[in-house]
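Single-letter residue listing:
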Amino acid sequence: MGIFDTLGKRKKTEIFFERDMTPDKNRKLYKDIDENLKVFKEYLADCDDLIIREFVMGNPDKTKHRMAMINIDGLVDKRLVHEEIMKSLMLHARQTPLEHSVGDKFLQLIKVGLLTVAELKETDNFGELVLAVLCGDTALIIDKLDRALILNTKGWEKRGVEEPQTESVIRGPRDGFTETYRVNVALVRRRIKDPNLKVKTVRIGRHTRTDVGVLYIKGIANPSIVEEVLKRLNKVDIDGVLESGYIEQMIEDNWVSFFPQFRRTERPDVAAAALLEGNVLIICDTTPFVLIAPTTLFSLFHSSEDYYERWYIASLIRLLRFAAAALAIAAPSFYVAMVAYHPGMLPTDLALSIGATREGVPFSTTVEALIMMLSLEVLREAGIRLPGPIGQTIGIVGGLVVGEAAVRAGIVSPIMVILIAINAISSFAVPNFSVAIGFRLLTFIFLILASVAGLYGVMLGFLGLTVHLVTLKSFGVPYLSPVISFKFTGLRDLVVRAPLPSLKERPEYTVPVDKTRMRDSRVKERGGGEENDNG
Amino acid sequence: MKLRKIILAGLLSIAIFAVSGCWDMVDIDRRFFVGNIGIDKAAVDDKLKVEFTMPIVRKISGEGGQGGGGGGSTIASVSTVADSIHAAARQMSHRLSRRLFFEHTRVILIGEEAARDGIEGVVNFLSRNTEINRRGRIMVVKGKAEDALKVKNEYETLHAMYIANIFENWMFCSKFIEITIDDFMKSVYSTKGNVLLSRLTPGKMDVSIGGAAVIKNYKLVGWLDENETLGVNFVLGKVRGGDLTFKQPGEDYPVVMSIIQISTKMELVEAGTYPKFKISPRIVADIVETPVDAKIDGDKLKSLEKDLEEKVNQIILKGVKKLQKEFQVDVLGFGEYLYKYRPDIWEYYREDWENIFPDVEVVVDTKATIRGIGASL
Chain Y
-11 MGIFDTLGKR KKTEIFFERD MTPDKNRKLY KDIDENLKVF KEYLADCDDL IIREFVMGNP
49 DKTKHRMAMI NIDGLVDKRL VHEEIMKSLM LHARQTPLEH SVGDKFLQLI KVGLLTVAEL
109 KETDNFGELV LAVLCGDTAL IIDKLDRALI LNTKGWEKRG VEEPQTESVI RGPRDGFTET
169 YRVNVALVRR RIKDPNLKVK TVRIGRHTRT DVGVLYIKGI ANPSIVEEVL KRLNKVDIDG
229 VLESGYIEQM IEDNWVSFFP QFRRTERPDV AAAALLEGNV LIICDTTPFV LIAPTTLFSL
289 FHSSEDYYER WYIASLIRLL RFAAAALAIA APSFYVAMVA YHPGMLPTDL ALSIGATREG
349 VPFSTTVEAL IMMLSLEVLR EAGIRLPGPI GQTIGIVGGL VVGEAAVRAG IVSPIMVILI
409 AINAISSFAV PNFSVAIGFR LLTFIFLILA SVAGLYGVML GFLGLTVHLV TLKSFGVPYL
469 SPVISFKFTG LRDLVVRAPL PSLKERPEYT VPVDKTRMRD SRVKERGGGE ENDNG
Chain E
4 MKLRKIILAG LLSIAIFAVS GCWDMVDIDR RFFVGNIGID KAAVDDKLKV EFTMPIVRKI
64 SGEGGQGGGG GGSTIASVST VADSIHAAAR QMSHRLSRRL FFEHTRVILI GEEAARDGIE
124 GVVNFLSRNT EINRRGRIMV VKGKAEDALK VKNEYETLHA MYIANIFENW MFCSKFIEIT
184 IDDFMKSVYS TKGNVLLSRL TPGKMDVSIG GAAVIKNYKL VGWLDENETL GVNFVLGKVR
244 GGDLTFKQPG EDYPVVMSII QISTKMELVE AGTYPKFKIS PRIVADIVET PVDAKIDGDK
304 LKSLEKDLEE KVNQIILKGV KKLQKEFQVD VLGFGEYLYK YRPDIWEYYR EDWENIFPDV
364 EVVVDTKATI RGIGASL
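Chains Y and E supply the protein sequences, listed in that same order. Take the first sequence: its letters are residues -11 to 523, numbered as in our numbering. Take the second sequence: its letters are residues 4 to 380, numbered as in our numbering.
Check before you lean on any hint, since a few could be wrong.
Derived DMTMM-like pairs: lysine to aspartate or glutamate, alpha-carbon spacing no greater than 20 Å straight-line [unchecked claim]: (1) E:K5 with Y:D337; (2) E:K5 with Y:E240; (3) E:K62 with Y:D241; (4) E:K62 with Y:E347.
Since the hints were made in silico from the structure, they are not lab data.
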């Protein structure tokens, strides 16, 4: 009790506690510039990256308009500050007669006539001002005024828009989200030029104060889902949000599940498609991974390319993915169940050749499978952590050592090597990595079940998995929809992808306000089509 | 609350293993895959001499690098004298390092002497054993089962596969009884031990499957030769292919016909003191071989069809007569037909069917159509 209690109490009185600095917003600016600077320095004491530049506006001989410009080194665009603020106020202002303007009039003059910065805001309290400075804006404090200006000079070193690393496609746009919130929102906005695309920003994190944006298309997205997302986001009280994964885990429905209840993407086209289907986007500053909610199991198997390619190909590839998922979950467990419990179910020749390869292997099939799967996981993990060029070698060395040498040494049977390799490759054929990694985990559980109870155990596992999936929900949407509420229209874009013109309705799971996706626009006969209005 | 439920579910599923004691885990390399089971009469007492053959997996793996490889047979064969097949399998656990495993057993061979003494032992074993592969084959060996298992075939790695795969050629000859263990078990119960089994004749380097063993009341009573078996198969509607050879008058060389399609209908024509059955096979056949100078035109085709019909009639009657007169055992399904389709009449014959069957009148009415006449006219 004692110590935690006192700690908690003490923290609550601290100055930077609230995530939107509410208490500090009640602290109004003074009229005196020295007073203001004093408070400001109090706030940002011991912050060596703070820049405070005091100067006199216009001609220093004639005027006595003292000002101070405050910003953080590295967060602002230096060129902007030099050219548009300092130069405007110090040099260009000389041509303006300023002597007699005071108070509000003076502020208006500066705002309307002098500052050539594109975006500025007025404030009367320290809370807003300090936060703005920390966000990369420039604060302009003016003597004899109890208001200050916030000038948007954000400009830090950032990565440009690059091709996404985790979701490469053969056909499709090459741009990917970046670490900058505004850029990310803009990338989506560039695709959906619609006033109904709404962006609501929430600040989350007591210390990080990360911008988290909720994007949706009004008139498509279900308002109750949007509300739910905002409600859950507003409830989050955490010291920091460094990646959208934090948000995901803080607001998901079920934290026990192996399955992600959000889709995450690095691709603006996927995000835009999701918006058009009635989903809600959660864009988090400082990460290129954007969350899509609600989600279903099947949408995690879909890739943007499914819609860009012809439907036969897309359908075939989707079928393959589902097959791969089945292999990824159950291949080792089925093998173990067959070999250790039901060899009678194998064709005789296969049973004999498996028996022959297992001849001389000292471990039981289960242990053998566990050894291989664990070493594969280690290899995978090591491959990610190691720097690029070495990561490649680890793959080769690991493959050689674990595969060839282990078989030669008689520790594992060659069939097991093949099986585990197929299993691993299959698990990464699922386009969403979070699902893939969940499957890898399930593989272990199924393996254990198979090793204690054979096929019975595997079936038990599938039963449990089904029960879990049926009960799982993402923002109130059943995880297995549209299968769970069986409707034929839902099947058109599920395991197969029907021709695009037949997908006239938005998916059911987002419960869209407007269901219609397209009108019949197919060209019936050659030359008979109406003129398209493509803008 | 939820956590408690999960823990409870977990404990309950663990309880399944603790309570039921189901722990069947035996790794594949800890099992011997028994391919054949051979059953002979033992020299002493009433016991059976049971022989199991199984592949030595290490030797057939074909991995030169593993050592071991060359030399010696890839098939191991062990035999023991016991009261029953199951007892024999149990006795083996004193002598073998691994468990005998019957799910891949393809062939069960019963020696002639053992079969004459009765096959109840085999039926008992098969009816209770849960491991035996029901798609396996069962047959009677002319001579000793041992001799058939001794044959060193060069064709397949597995002796059992060699024998079992011969049955796949059923499509081309139909001169043995195509029956799986499952079929055998079904019919042996419904007919109270009157069945036909294939006959296997061991040779020096290979075996030959052809003809049938007639089992009456669980005991072997005699054999049918290949052609008689074909006739019986016609009645049973189990012919799928095969060639028929006959000579036409005035020609030096025989005509060979290959059966393509066949359907057989059995019907009761008359129910007097003895019932009268009509068997009408409908055959579609191709001409495979003809004498060099044969000119095939409409008339010739008609006469060929007629001869073919005649030939089939003869074959069928020969087989049926042998079963009626020599063995007096209804394995042709006449009784079954009555029981299924004419229960009222069957009531009348049932009591004394064994005595009625030999005098059942059978007429055969084959209709043959020749479809393909080969490459040249």
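Hint-by-hint comparison with the structure:
1. As the CA atoms of K5 of chain E and D337 of chain Y are separated by approximately 48 Å, the hinted pair breaks the 20 Å bound.
2. This hinted pair checks out: K5 of chain E and E240 of chain Y have alpha carbons roughly 17 Å apart, not beyond 20 Å.
3. Among the hinted pairs, K62 of chain E with D241 of chain Y is inconsistent with the structure: their alpha-carbon atoms are about 57 Å apart, more than 20 Å.
4. About 10 Å separates the Cα atoms of K62 of chain E and E347 of chain Y, which keeps this hinted pair within 20 Å; it holds.
In this structure, the hints that do not hold are numbers 1, 3, in rising order.
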